[in-house]
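Given chain A, put chain B in place with the hints provided.
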Amino acid sequence: MIVSLLDEEPSAHGERDGRRRLVAATAAATAAGTDASRDRRRRASIRPRFALFGSRFALFGGFGLAGAAAAVAGAVLLSSGTTPRAPDPSGSAGSRLMLAAAESAERQPVRSHGRYWAVMEQRGGRLAEAGKEYDFVRQTGSYDAGPGKQAWYTSRMVSKRYLRPTGMKGARSAHLDSFAWSKTLLAPGSLFQTPVAATSRPGSAPPQVDLRTLPSGAAALRSALVRLIPEDWGNAKVNTTSWLFTNAKLILSGPVGPGTRGAVYRLLAQDPSLKSLGTVKDALGRTGTAFALRADADPTGRDFQGQIIIDTRTGRLLATQDVLLRPRGVWADRKAGDIVNYDAVLSYGWTDGVPDYPSPKTS
Amino acid sequence: MTAPPLVDDAALVAASRDDPERFTGVYDRHFAAVRRYVAARLGPEAADDVAAETFLAAFRRRAEFDPGRGVVRAWLFGIATRLVGEHRRVEERRYRTLARLGPGRPEDGPEERVADAFDARLAQPRLAAALRTLSRKERDVLLLAAFTDLARDDIAAALGIPVGTVDSRLNRARGRLRAALSPTKGT
Numbered sequence: 001m002i003v004s005l006l007d008e009e010p011s012a013h014g015e016r017d018g019r020r021r022l023v024a025a026t027a028a029a030t031a032a033g034t035d036a037s038r039d040r041r042r043r044a045s046i047r048p049r050f051a052l053f054g055s056r057f058a059l060f061g062g063f064g065l066a067g068a069a070a071a072v073a074g075a076v077l078l079s080s081g082t083t084p085r086a087p088d089p090s091g092s093a094g095s096r097l098m099l100a101a102a103e104s105a106e107r108q109p110v111r112s113h114g115r116y117w118a119v120m121e122q123r124g125g126r127l128a129e130a131g132k133e134y135d136f137v138r139q140t141g142s143y144d145a146g147p148g149k150q151a152w153y154t155s156r157m158v159s160k161r162y163l164r165p166t167g168m169k170g171a172r173s174a175h176l177d178s179f180a181w182s183k184t185l186l187a188p189g190s191l192f193q194t195p196v197a198a199t200s201r202p203g204s205a206p207p208q209v210d211l212r213t214l215p216s217g218a219a220a221l222r223s224a225l226v227r228l229i230p231e232d233w234g235n236a237k238v239n240t241t242s243w244l245f246t247n248a249k250l251i252l253s254g255p256v257g258p259g260t261r262g263a264v265y266r267l268l269a270q271d272p273s274l275k276s277l278g279t280v281k282d283a284l285g286r287t288g289t290a291f292a293l294r295a296d297a298d299p300t301g302r303d304f305q306g307q308i309i310i311d312t313r314t315g316r317l318l319a320t321q322d323v324l325l326r327p328r329g330v331w332a333d334r335k336a337g338d339i340v341n342y343d344a345v346l347s348y349g350w351t352d353g354v355p356d357y358p359s360p361k362t363s
Numbered sequence: 364m365t366a367p368p369l370v371d372d373a374a375l376v377a378a379s380r381d382d383p384e385r386f387t388g389v390y391d392r393h394f395a396a397v398r399r400y401v402a403a404r405l406g407p408e409a410a411d412d413v414a415a416e417t418f419l420a421a422f423r424r425r426a427e428f429d430p431g432r433g434v435v436r437a438w439l440f441g442i443a444t445r446l447v448g449e450h451r452r453v454e455e456r457r458y459r460t461l462a463r464l465g466p467g468r469p470e471d472g473p474e475e476r477v478a479d480a481f482d483a484r485l486a487q488p489r490l491a492a493a494l495r496t497l498s499r500k501e502r503d504v505l506l507l508a509a510f511t512d513l514a515r516d517d518i519a520a521a522l523g524i525p526v527g528t529v530d531s532r533l534n535r536a537r538g539r540l541r542a543a544l545s546p547t548k549g550t
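Protein sequences appear in the order of chains A and B. Start counting the first sequence at 1; every next residue gets the next number (the numbering used here). Start counting the second sequence at 364; every next residue gets the next number (the numbering used here).
Chain A extracted, bound-state conformation:
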C-alpha cells in the first residue's frame, strides 16, 4: 500500500551514513596530523585522495551527501501519499457494514441512569520516560458524574517491558510503575470533554466540547460538528470525518445515547474515504470489523494506519488501534502490520460507585 523505493531500513542506513561521515572527518584530521609524523602506522593506511575528500566533506559537510539522500527519501515519502491508486472496491462494502453498525447501535435500549458513566479499557503502547523506552499494557477506568461533578480515573500497569537493558537508576518511574490499582481525582466532567480546536497561545487551553451535548441523528450531529470545529485547526484542515475518527472511541463508548452513536456511524459511512478492512481480531483477540480511512485522509500519519474495530452486529466499538505501515525510527524493531498502540474497550455503562482504590499523591 505504501510505495517504498528505499531498499534498506532508513535508520540503519542513517547510522552507517553518519559513521562514514565521521570516519572521513577523522581520517582527514589524521592525515593532517601526520605532517607532524605522529602516527606512522596510520599514515601508511590513509589514502591521500580519500583524506582530501574527507577534509572537504568535513568543511562543507554537514548536510552534503546525506542531506541530498534525505531530500530524495523525503520526496519519495511525500509522493507515496499521493500516488494514484486504483479505486478500492471495498469502499461501498465499508459503508454498508458501517450502516449495519449504525442500525444495531440505534436498536440498543436507552440505558438506565446511574451516578457515574464508567468505561473500562485495556491499552497498549510505547512510552519514553527519562530516556528509557518501554512497551506497556495498562488497564484503566474512567468514571465521570457529569459537568461540575466528580470524575475519577483508575489505572494499573499490567506489564512493562523495557526496550533496552536499563540500569536500576531511572528504571522505575514514579507514576506509571504501579501494578496495583490506584485512582486519581480529575477535573469535574473532564473525562468526556474533548478539544474542538487547536490553540497556540502560550499556556492557554483549546476550547472543549462535552460529549453529552452532542445531538442524535446524523443531520443534527453533522451541523453541530460543522459549527464546533473550525475549518482552520492549527493551520491545518480538520474535517468532521477526521475528528469523528480520532474521537471514535471516546464518543462511541461515552455517555451518549443510541441515536448519537448511530449518527456517528452514519456520518462515517457517508465519507468516501472510509474503507472496510474486513474481519479482524483486536489486541484482545475479539472478532470485529476493522475500518480505516484512505491514506490521504488518515490523520494518524503516514507511518501508521489508524483503525477502529466494531462489532457490527451489536454496534459496539471494540477497539481503536494504530497499525504500523513503515517500521522505522522508534518502531524500527517491529514489522509492518504490527499493532503498536491500542485502546480496547472492555465495558461501558452506568455505575453508582468508584472502587475503593488508594489515591496516591501526584507530584
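Read the hints as simulated data drawn from the structure, not as lab findings. It is possible that some hints are incorrect.
[What the hints assert, rightly or not] Incomplete in silico selection of chain B near chain A, CB under 7 angstroms:
(1) F386
(2) G388
(3) F418
(4) A480
(5) F481
(6) A483
(7) A509
(8) T511
Quick reminder that beta carbons are idealized off the backbone N, C-alpha and C, glycines included.
Same frame as chain A, but now just chain B:
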C-alpha cells in the same frame, strides 16, 4: 548485561586529540541515544542527518571538551540540542503536523502523568499542541529529561546553566504542560 567500557568516554575524547580516529569510538557508544533524542524532537526524517552532524561538530571541537564540566554524554546532548535549535522551524512544523492529527486519544490518562512519560514517538496530538506553548528553553530541559537518561546536573552541564535553573525550568514546563493538557482542572 554489557561489560563496562575498558576506556571511559572522557579518555576516548582526550585520546582523539592526538589520534583522531579514536573518536569513532565515541560515535559507536552514543549515536543511537543521540539519534533517538533528535528523532523525538525533529522526526525520523531529519534525525539521521542532525545526529550525524552532532558528532561531526563534537569531533571538530574535541579539543574544547572539559571533563571537569560534565560527562561526554551531556556534552554531546548539549551540541545536539543546539543543532535542534537551528532546526527550530522543522521542530515547529513537526508539532504543528502532529497537533493537526486532531484531538485523538485525548484522554490518555490523568494529564499530570503525561508530563513525565511521553509517547515514544511524540505523536500524541494534544501533547504536541501543548509543547508548542512552551518556550524553547523550557522545551530543551523537558525533552532532555524525557528522552535522554541525563540526570539534572548532566542537563545543567549540557545546556551550560545552573542546576537550579534546570529545576525551575522543568517545573515551569511541567506546570504549563499540565495546564495546556488539563484545561478544566481548577487548581
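Hint by hint, here is what the structure shows:
Given hint, F386(B) at the interface with chain A, holds; its Cβ is 5 angstroms from that chain's nearest Cβ, closer than 7 angstroms. The beta carbon of G388(B) comes no nearer than 10 angstroms to any beta carbon in chain A, farther than 7 angstroms, and the hint placing it at the interface is violated. For F418(B), the suggested interface contact is upheld, since its CB lies about 5 angstroms from the closest CB of chain A, less than 7 angstroms. The interface hint given for A480(B) holds, since its Cβ lies 4 angstroms from the closest Cβ of chain A, which is under the 7 angstroms cut-off.
Residue-level restraint check for F481(B) holds (minimum Cβ-Cβ distance to chain A is 5 angstroms; threshold 7 angstroms). Interface restraint check for A483(B): the shortest CB-CB distance to chain A comes to about 4 angstroms, inside 7 angstroms, so the restraint holds. Given the 7 angstroms rule on beta carbons, the hint for A509(B) holds: about 6 angstroms separates it from the nearest Cβ of chain A. Because the beta carbon of T511(B) sits about 4 angstroms from the nearest beta carbon in chain A, less than 7 angstroms, this interface hint is met.
In this structure, the one hint that does not hold is number 2.
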